[in-house]
Every structure is written in structure tokens, then in C-alpha cells.
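2 protein chains.
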Amino acid sequence: MKQLQEKIRTDGKVLSDSVLKVDSFLNHQIDPVLMQAIGEEVASKFADEGITKILTLESSGIAPAVMTGLVLGVPVVFARKRKSLTLISDLYTASVHSFTKNETNDISVSKDYIKSDDVVLILDDFLANGQAVLGLIDIIEQADAALSGVAIVIEKGFQNGGKMIRDRGVRVESLAIISSLANGKVEFIGEVSAK
Amino acid sequence: MKQLQEKIRTDGKVLSDSVLKVDSFLNHQIDPVLMQAIGEEVASKFADEGITKILTLESSGIAPAVMTGLVLGVPVVFARKRKSLTLISDLYTASVHSFTKNETNDISVSKDYIKSDDVVLILDDFLANGQAVLGLIDIIEQADAALSGVAIVIEKGFQNGGKMIRDRGVRVESLAIISSLANGKVEFIGEVSAK
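Chains as they are written, first to last, in the UniProt record's numbering: chain L, 1 to 195; chain Z, 1 to 195.
Take every hint as true, because none was put in to throw you off.
Here are some chain Z residues the structure puts well away from chain L; computed CB gaps all over 12 Å:
1) 6
2) 44
3) 95
4) 98
5) 116
6) 134
7) 166
8) 168
9) 170
10) 171
11) 179
12) 180
13) 181
Mimicking DSSO-like on lysine-lysine, the simulated pairs with C-alpha atoms at most 27 Å apart in a straight line are:
14) L:81 / Z:13
15) Z:111 / L:21
16) L:115 / Z:21
17) Z:111 / L:101
18) L:21 / Z:81
19) Z:111 / L:7
20) L:111 / Z:13
21) Z:81 / L:13
22) L:7 / Z:115
23) Z:81 / L:81
24) L:111 / Z:101
25) Z:185 / L:111
26) L:115 / Z:7
27) Z:81 / L:111
28) L:81 / Z:111
29) L:13 / Z:115
30) Z:7 / L:111
31) L:13 / Z:111
32) L:21 / Z:115
33) L:81 / L:111
34) Z:111 / L:185
35) Z:21 / L:111
36) L:21 / L:7
37) Z:101 / Z:7
38) L:81 / Z:101
39) Z:45 / Z:115
40) Z:185 / Z:163
Keep in mind the hints are simulated off the structure, nothing from the lab. Quick reminder that beta carbons are idealized off the backbone N, C-alpha and C, glycines included.
Model the full structure from these sequences, guided by the hints.
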């Protein structure tokens, strides 16, 4: 997605060979016009999939997910992050390890909002090691719902999450895939659609 | 806002005389079409105020804030909640006490995203004791920015936050104001605009 790549190039901050900060339009400050364009792009890719629900993770996934939900005409559910959860019977929970922060959080979704007849699109802001997406897939499996695919705003193509999830046979659509952050420079590979 | 009141009546769950759960369309599952209507309503109330930025709080404020930002054509910034923050020089921070959870969290905003020439609209999902809004006002004051007003999706009119903030001379616009949750029944008072 050209508009997104340009935004990343002009406003993203490369902090290291593996860390890209996009706090100015996605992760802290949000550009609503860009989010709308992202929503339209994701919706166009999954328009014919019979999606009934979008599942994302608080907080940075919410804005692009809601814009996508508006175009597709379906509700959005955001999984909640918690340090630890005592077992609560009305929640689906999964553990998500963050390699960046070196901590494990539980994520949870109420059983009321993902049902076995749902066709779910997962949407998240970043895909790096894939742990968050795996946690969301786990929740969809617990609910016995169908997974339509995964939409990602920014994929770090040089980390293994995208390959790992595509290797499971899951359709992953990333709007921007970064091939390298070396030398403070963002390089992209073409938009990849792999089933 | 009639559409919102009807949604609260049909889909809200009254858990006690003071607790209303709206997890099915605002706080966990999100209704994007309703969020868009909320965004249009808030934007129409503050259209002539020269707003340059919307400030909200993760996670439930993000969806209505982004829809409002889209209509007003301005960026949204969401304050982050953290259990405790060591002093970081590039952040504005404020403490917010939750009476419901009986805990105090720090909220923070990067100094990059609220500047002294900003005219800021605060938007949040709920107004009850007003502690979150007071924390956000604190951050705007630290940034020496101008506060245009406060937009709230659901105000609990039987708690003191709304009065406290209006008494400071701040314009508060709540799209639905609940006068009572007694006997498991939601009662509203008319939309109130008080400067």
C-alpha cells in the first residue's frame, strides 16, 4: 500500500536494525485519514470471505480494525491484555510472549463475542515474531470459530512471524512488509499475498 | 443522542445501581457504525472551535475518538495507562485513581504530540467520578495547550464527575447522560450542554 509505505518512510523512526517506531500515526498518535485508507484496503482484500467479525488486540489494533469493520459492516472485538488472569469461566484466554519486552501477558476475549458460527478476520498493527497473532488464533480455535485470515498493517519481513503463520496455511495480508531496517533506512518488499 | 440511548437500553447490562456494562458495542466489542454516528455527533458540537487534536485514553476511547478525528480532520492521541512510571523526561504524566478498581494508574502522553499551540478536545467513553478526565486536563495544562472541551459518550449523571468538571468552567458534552440505574432500569436525562 503505497500511501502507507510513504508515511512509514517520512514519519517512521528507525531506532535500531529491528525497531521501527510509528508513534506519530499508528501507535500513540493516530492519523484517522490513513486509518480509513487502511480500512478500505483491508476490506477490499477480504470482501468476499463472508467475514462476520474482526478480532484485534488493544490498543494499537483498534483504530485500523474499526475502520475495516465499518467498511465490511461487521463488529470489532478487541482482546484485552492483562498481566495475569485467574481463570474466569466466561473468557477465552491465551498467553502471548513479547520478545521485545521479555514478558508474557494473558490476552482474553469474552465468550459472548466470538461464537462457533463466526468467520473471523484477525487484524493487528505489527507482525514480527507472530506471538500476538498466534494467541488470537488460539482464541478463535477455542471458540470453534472459522479463521478467514490475518491482516497486518506493518510486517517485519525479516522476522519469522509471517512465515510461521503462512506455513500453517493461514492467509496473511500485510499492507507494508519491511525487508530491512539496516543503516537507519526502511526498505520494503512488494505487497505479498501468500495463502 | 437518540440512537445511542436506544443502543444502551437494548444492549446495555445493568449490573448494579452504579454499574452499566456496554461491552457489546463500546468497551470490548465495538459497533463501528455507531462509532461513526458518535464521531459525527461530537464533531458537529465542536466544529467551530478550531480543534487541532483529540486526546483520549486507551483502550475504549480510541474508536469514538478516531471517528471524531476523521470528521474534524485532526489527529488523535491516546494516553497510555501504566501501573507505574519511572520519570521519563519526554512524557507528560498524570495519576488517575479508579474508585471502581481501587487502584491508581499513571497515564502518559509523549511531549511530541501535544504542543503549546494545540487546541485539544478530550474524548472519553465514560464519565463517572471524573478522575480520568482530570488526568487528561492535567496533561493538557502541563503542555500549556488550550482545552476546547470534553466530549463523553456515556455520562453517569448520578456521580459527581460531570459537575466537578463543569464547575471548573470546562465545556462538557455528553451524548447520553444516565440519571439512574436503579431497579435494573436505565433512565436518561436530556442531552445537557453546560459551559
